[in-house]
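J.: The residues making up each chain are set out below.
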Amino acid sequence: MHFSPAPMHIPDGFLSVWVALLFWAVSIPAVWYALRRVGRDLGERQVPLMGVLAAAVFAGQMLNFTVAGGTSGHLMGAALTTILLGPWGAILVLTNVVGVQALIFQDGGLLALGANLFNMAVVGVAVAHMANRTVQRLAGRQPWGLFVGGFMAAWLSTETAALSVALQLALSGTSPANIAIPAMAAVHALIGIGEGLICVGALAFLYATRRDLLASGAAGAAHDKLVWLAGLALALVLAIASPLASTHPDGLERVALQYGFFERAQGYLYQVVPDYSLPGVADPRLATILAGVLGTLLVFGTVLAVTYTRRRRRTQGA
Amino acid sequence: MHHSIEIEGLSYSYPDGHPALRGVSLHIQPGEKVALVGPNGAGKSTLLLHLVGILRGQGQVRVCGLEVGDGNLGRIRAMVGLVFQSPEDQLFSPTVYDDVSYGPLYQGLPEAEVQARVDAALAAVHMHGYARRVSHHLSLGEKKRIAIATVLSMQPEVLVLDEPTSGLDPRARRTLINLLRELPLTMLASTHDMRMVQELFPRMVILDEGQVVADGPTRSLLEDIGLLEAHGLERP
Amino acid sequence: MHIHFLDPYRPGHSPVHRLDARLKLVLALAFILSAGLAPDGAWPAYALWLSLITSAEALSELGIAYVLKRAALALPFVLAALPLVFTLDGQPAFNLAIGPWELAISQPGLERFLSLAFKSWVSVQAAILLSATTSFPDLLVAMRALRIPRLLVAIFGLMWRYLFVLADEALRLVRARVARSGESGLPGIKSGGRLAWRARVAGGMAGSLFLRAFERSDRIYMAMVARGYDGEVRAFPLPGLTGGQWTMLTAWIGLLAALLALAHLLW
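Protein chains in written order, with the numbering used here: chain F, 18 to 335; chain R, 10 to 245; chain D, 54 to 320.
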């Protein structure tokens, strides 16, 4: 079942292994640190609050509104959660949501989970926090700050998360940068507007019903300088890297090849064992065909063997 | 003259395969007030959802002369007011005005007309003056009445209610029953409240395990104690 | 009207179901990792990977059709990689004429695209197998075994518990809105309202859902405190893996590593 609104969850196989591992290496410390900070800020209530809010974000992604014809807009949740819980709690909540989506619903890969967490739980949250705090600071005490801040937080976090996805795909050599980046940027610029409107609607509801929750969220987050700076840095990096990469796709590929040491290792192996083919078979095409036949036989053989043993076991057990 | 509700041989199974309705047939005339009773899990709520095309099963469902199908859903949803069991589901906007005006606003009616309808709907549920209130802060009884108002503002021909009195204290319940008595609409109410059935609904339909097991005058059905007990009902 | 059919877990007694959740999680990850590391175009090796996951599916008694059907849902993302077919430099395979344009499809591009699609397809099957044969509580155990912090696992657990409750509420909110979304039938009047209004309504529903979550968490917290919760998450220590399980784990990982080495050597 797919409730995720936009094409943001990257499945397995689309990121090269080193890109996937790289982003695991970034996300794990971020989540670990969020765990420590949350303990300090939210206190005892943390577990039920974040658990149920995570459920609300997940369920909230089922709420849609028709945009035009068959398309509809949804809620992603990073901005709203960040405003309500503050950035560290939001990182944990979104980690939960994205994790469950990957593990249980196959919305996003397992190996790629590190990258997806980075895009939605780290970039999404940090940028949302930065945007919201900045607007609120500009607005002072006036109420419009809440709504404009919410809109900007939602729009900007959607856009930057999308750029991050595109860059990861380009870095992996999966999608050429000059297509992926503009495409993701354009599509999510529109989707982000829908996100922004929904976020404003949610804030309007909460403003009318439980203004105290909004105040506590903002106060609790106060002005987390670390997250604010991180959000700003991420937004700037993505904003600069994206047009650069999309106009110089070859440059990105060069980077990919340079750091793709697994591909490099493959090159070394070829130097050591040149022109390797099935031993005893000279013609390379014949070798490939034979290997293919062998592989196919192995497939059928394995499946047959497995079903046979299962059937035997069942009749024995019955 | 057409029946307001015509259901013929309706069957429906949940996605996991469990059969919820099995060949249900029901005909309700304009102006009739009918109670739908039966134990939990009988399929009452499921049946009600078919009336506005939220669920679609096999068999025929016609409402106000229109077949419940892809082309007619818009009109049908304007003509059938479905009040859900939990008012929380229906009050999803910040203020009472926003919630009550949703129906006519969605239909694209002009602002003046919307305002007039909201006023009329709130007056009908005796909650004039609540327009600027925040729905979330109201009591359960008030929420239930507002929920009815959200549907009345569409000026429907048929009112369908799912457990209207559940959870209400005696005073709120009495207010609600009086309110329902005043409304001149065709009414179908799913309920466990047998005293309300006796008071308000001259006709009663008993649903059990997805099938209609009885359909007739309330007074005589309530005499049949064996029948009531067989389907988990008690005489009021 | 329950949304419990969302839960992908299908109870059963197959060998895969009975396998320890920790092993299943590690093996699923190892499988996906090995598939990811495989070189492009190593079709015979791919067949072996496919045979591995297919045998596991057969063993699980879920029905291969069931797994493949769910795997198909994950495929649309493949379109994101489609441009590769045209843009990757290399020996041209054939030309495609679409209207006035003529696009050159390169062989390496095609190979890369198909390899990618295959790896993705096979990886998602492993993930489906894992979630369909492992109950959520068991998955929590597996997560703890992977040294995921207890706090995070506790939040996971609570989220799961209320996921279906809140998803149910979300569904009912949507239904209630649908039931009031009618057409006036008057000539010249279009229904639907303005886009901004629709978005605001949807936002209100989201806000309502969040608010209920907040207030529910209050009640949950009080219930937990009433039962002695003091903020610290405690859990039973995990039983260690048996020798047999360790052997199985090493054997399977060894097999995957060997397959990977074979793929790199030959192709």
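These are calculated hints, taken from the structure and not from any lab test. Take the hints with a grain of salt, since some may be wrong.
Said to hold, decoys possible - According to the in silico footprint, chain D covers these stretches of chain F (three or more CB under 8 Å from chain D): (1) 44–52; (2) 92–106; (3) 111–121; (4) 210–217; (5) 220–226; (6) 249–262.
In this text, a Cβ means the ideal position worked out from N, Cα and C, and glycines have one as well.
J.: Next, verify each hint and record whether it holds.
T.: Now the hints, each set against the structure:
| no. | hint | verdict |
| --- | --- | --- |
| 1 | 44–52 | holds (count 3) |
| 2 | 92–106 | holds (count 3) |
| 3 | 111–121 | holds (count 8) |
| 4 | 210–217 | holds (count 5) |
| 5 | 220–226 | holds (count 5) |
| 6 | 249–262 | violated (count 0) |
The earlier numbered hint that this structure contradicts is number 6, and it is the only one.
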